[in-house]
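Using the sequences and the accompanying hints, generate a full structural model.
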Amino acid sequence: MKIKSLFILAVLGFGMSLSASELTVVSTEKLDVGGTAFHPVLSPDGNTLLFSSEEHKGLKSLNLVTKEVSVIDENAGAGFTPVFSADGKEVVYRTVSYQGKLLYRDVRKYNIETSKVVQLAKPCREVVNTQAIVGDTYAVGHASRQFIDVTIKGKTNEVNPLPDGHLYVWSALSPSNDKLLFFEMNSGLFVSNADGSGAKKLDVRADYPCWAGDDYIVALSTKDDGYVITSAKIVAIDIATGKVIELTGDDVLAEGVTATKDKIAYTTESGEMYIMNIKVAK
Amino acid sequence: MKRIALIILSAFMVSMAVEATKMSELNIVIDPGHGGYEGNDRGMDIWPYCVVTPESMWESKSNLWKALHAKAILDSIGTKITLTRETNEGYYDYDDDDTNNEPSLLARAQVANKLAADAFFSIHSNAGENVNYPLMIYHEESTAGNPRSQESVKLAGVVNDVFNTSKYSNWVNYKGQINTEAPGRVTGDRSLLGYSLGVLRNCYVTSMLSEGGMHEHRPQAHRLMNQDYCWLEAWYFVQSIMDYFETEDRFVTGNVAGVIYDDHNIRGWEYTGKYERHTMLGRDKFMPLNGAYVELLDEAGNVVQKRTTDKDYNGVFVFRNIVPGKYTVRAVKDDYYEKLTQVEVVADKVTYQDMPLCLRRESPLAVTSYHPNVPEGELVSCGDKITLEFNYDVNVDEFEKAFTIEPAVDGYFEYEKSYHIVHFIPTVTFAKSTDYTVTIAKSACSPDTIYANNTMAEDFVFKFTTMPRERLEVIGNYPADGGGVHYIKPVVEFRFDCKLSGGEALDQIKVYDKDNNELAVNKRTTKYNQLTNGYGNLSVVLTNDLTVGETYRAVLSGNLRDTENLVLGKDVEVTFTAKDESIEKEGKVLETFETASLFAYNVDETVGISNTTPKYTKNSTDKLFDTASGKFSYNFSSNREGVVVWDYAGTATDSIMKGDVVGLHVYGDFNNHELYVGVTSGTDTKYEKVCDLTFKGWGYYEVTMNSLEAGYPYKLTDIKLVQVTSPITQSGAFYLDNLMLKSAEVGGVESVSASEADAVKVYPIPADDVIYVEAPAAINSLELINVRGVKVAEITGKSSVNVENLHQGVYLLKVKTDDGTSVHRVAISR
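Here the protein sequences line up with chains A and B, keeping their order. Residue 0 is where the first sequence starts when you use numbering that gives the first Met the number 0, and the numbers rise one by one after that. Residue 0 is where the second sequence starts when you use numbering that gives the first Met the number 0, and the numbers rise one by one after that.
To be clear, the hints were calculated from the coordinates, so they are not data collected in a lab. Model, not experiment: these values are computed from the prediction. Certain hints may be false.
Said to hold, decoys possible - DSS-like, lysine-lysine: derived pairs with alpha carbons at most 27 Å apart: (1) Lys100/A with Lys79/B; (2) Lys305/B with Lys325/B; (3) Lys384/B with Lys310/B; (4) Lys617/B with Lys688/B; (5) Lys29/A with Lys278/A; (6) Lys348/B with Lys100/A; (7) Lys242/A with Lys66/A; (8) Lys305/B with Lys121/A; (9) Lys509/B with Lys569/B; (10) Lys488/B with Lys526/B; (11) Lys526/B with Lys614/B; (12) Lys70/B with Lys100/A; (13) Lys100/A with Lys21/B; (14) Lys56/A with Lys741/B; (15) Lys587/B with Lys522/B; (16) Lys88/A with Lys222/A; (17) Lys305/B with Lys166/B; (18) Lys614/B with Lys121/A; (19) Lys56/A with Lys79/B; (20) Lys587/B with Lys462/B; (21) Lys305/B with Lys100/A; (22) Lys384/B with Lys348/B; (23) Lys108/A with Lys260/A.
The following block contains the structure:
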């Protein structure tokens, strides 16, 4: 009841200009990368698709134009949340190593054109904002701090859109930088203004939420029995209406998803990877 | 918490290795499994919460409590600790789980990955009735036996080792037995479950899922509702972290943990039923005490910590973070004697000290009611038992010494309501027509050994006399010993002088083949207690057909009991042979019973039936030939003088003559009634008895129709059932299949040669007025003989005989010529 009340207030206070649009899937293609693929990340221009193994070991890229697969890194953890530069030419990521039983991560940068990897920082235990290395506009949710860093053209604001929020797991600025999506562990998926105001709860259980243009959020929606994922589908949420569009059936058991304004890539529990071409009609 | 921090700081002063890991360096993520009291959460109906409510046992709640306690401990010693959830409210909309907010399994893993945790624990408890052991699970890649991370395997092993030191739970293995050593297990998810745990599969960090115990094991469920218990499990997690990371920090304090419980009364005796249906061994057998006060006193007598046990039937208390040394635990509760026990607290350890309290029973033990307690002259069933109820629970050993019965009876004791009620149950039964005297000597006592007068004030004596019936008796069985049973859908039935005690009777009969293999019984069609007036029966249908000609044994257990609890006493064995009643019989099939509405009960001739009218139905289940048999069902109104007549409405037109033989395939109902076939010629109806229905299943019975009028053709018109006076049943059903007709053999008529007979022509057959004869030789005489052998007409010197005045029917025509004599079968029909 408390959540619903907040939601109603949030809707009333949502100040953004929203217009109805329709997202449709134009085509779906299974991608052959010579093995399994997990945790996909699309470049902003939609031409490059990063992927990894289920446990995030190694990082590879697929050129969606030439279908060429390149191995970027084979180290542990390399595939966990790699970040593209705005022009899509560089990727920053971290690899995992252990000193004793303590976990360390370095910072590496990969150049798409030259295929060169540069270690930017030695293994350390500190949190590193990898997005800041390759861009000046981003949102970083802190999993253990009660705010999100929203940086637009180098200017950072700490926002905490939920008074009792404590774990911001996923967050992202919309392509036009005026909206913010975020997922808080105890409250779910929200969209707000970029400054965190006017938070609106989206009524869908959603993991890996990301923007597909300015009007839609694409995410992975799962059900589980507390131990095993029993169904998982890719959904798109119209942020103007809150309408949820199922882009796949429950039975695909999708496990990861990424999107741009005209492409969605997703992987499945068995390591298959698909790309959808989508169209958003105003 | 401040106290712990200080203690840990002091520990640093004696830190061991310079490069050893500090707890403050670690980054830990703990995931309290499930959430939200609905959906995939796991709630339990548990006393006193008769339905699953938030106050009841929920896995999400205890998981969260453990996690919050672990966070508090880790926070206090500087470890970076993050929980994937910190509340347990309002997550889940059970009716619309697409929109709930409970963190998904992937989101929980994402937190561990995002924070680059040194270790990730997903905390759970397990489902599983009558078992209770910790289970530590690591992730395996695509196949079982292929761990993703050896460090995760080590972590799971360390947690398991630490949990194994816990003496709080009675660890019960899969056989329901107490495990005293190393109860836990370490395993991979695919090896255990056949699939990946969703919360582990995407983790790149060292990770595991802990099942700390079995929450469907009720005593464990009650413990999981207690904050102290959850705190201690959290403490064990922290100790596991210290062990795994080999930190220089250890707990410099210790804990005292225990359960306060009644030292004699049984757990759940006040709320038996579904809430306490689980195996309870060791200390878990006893009743935990709610609201008991317990305190820890130092050597100077100062109260260091105190607790009051909660209202959730676990009796758990933990004195946390106690400075090592010698202490006294003091426990008190209203109506119980105080208990004081010395304990020693050791750093980094848990000192277990249970506190069983003795209930005050400060008056003598006394019998408050007993059974049999009957008026003088009233007799008691030999199958009865002796029951005594006391004002207190009894000391079992002393009670059993104090109990005597004269004359002596072999028997055993059962206890109820936590030893407040005692039953003495004869191993077999009491003897019939016997005067018994029961004495409880005054030495019987309550378990209150502190109270000086806990015995009975005086001996308690009572008497009773038993009835003359002491055994269940078999009053009939089919097949009879040495008899036969049709081999298809074979049926064996026993009948008794009393109704059987219940469904367990079905397990008291076994059928064996000649090699002593037990035959399967179709329990769906097996019936018992279908007789009237208090008589019992047990009728079993074997699942598979028998082999014709082979011998079988039906064995009825001597343990079979009736509703008066009288026992059969000894096994009853019946040997029988499988036979085939469907083999072809001599004669013509007169009626096949393949059509419906073949018979209708005759209202005028039927007497003594109940409101349920007799029926005839076509039956395709119990048939012997083709597709169906005819089922005749009846229900008499009393146990005598009933008759049911069913009129034949079929198309069989063959004449049945005196001396003909009618054969019937009959499926008997073992009710002993008499079965007749009725035939009619004109207005003359005759009934011939086919058989007594003293059998179960198919049999073939023939009857010679000797009561018919000679020379008159009869036709099938009736089936009649005549009730035999018997109290055991008034209703039943029998089945008939192919009714056969064999013509009579003619005695006293000389036989003729085939060649002579063939040479003589007799026509027409049937004839209505005149029968003509042509023969190669001169005809001397013609004689007509009816089926009884009586000459009804004789003509000499003619080649024809007038039959206008003779009854319809079959006759023999004897033709005497110069060449000899021949006999011909003729018929008269109009």
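- Message: Taking the earlier hints as the rules, which of them does this structure contradict?
- Response: Hints 3, 7, 8, 14, 15, 16, 18, 20, 21 and 22 not satisfied by this model.
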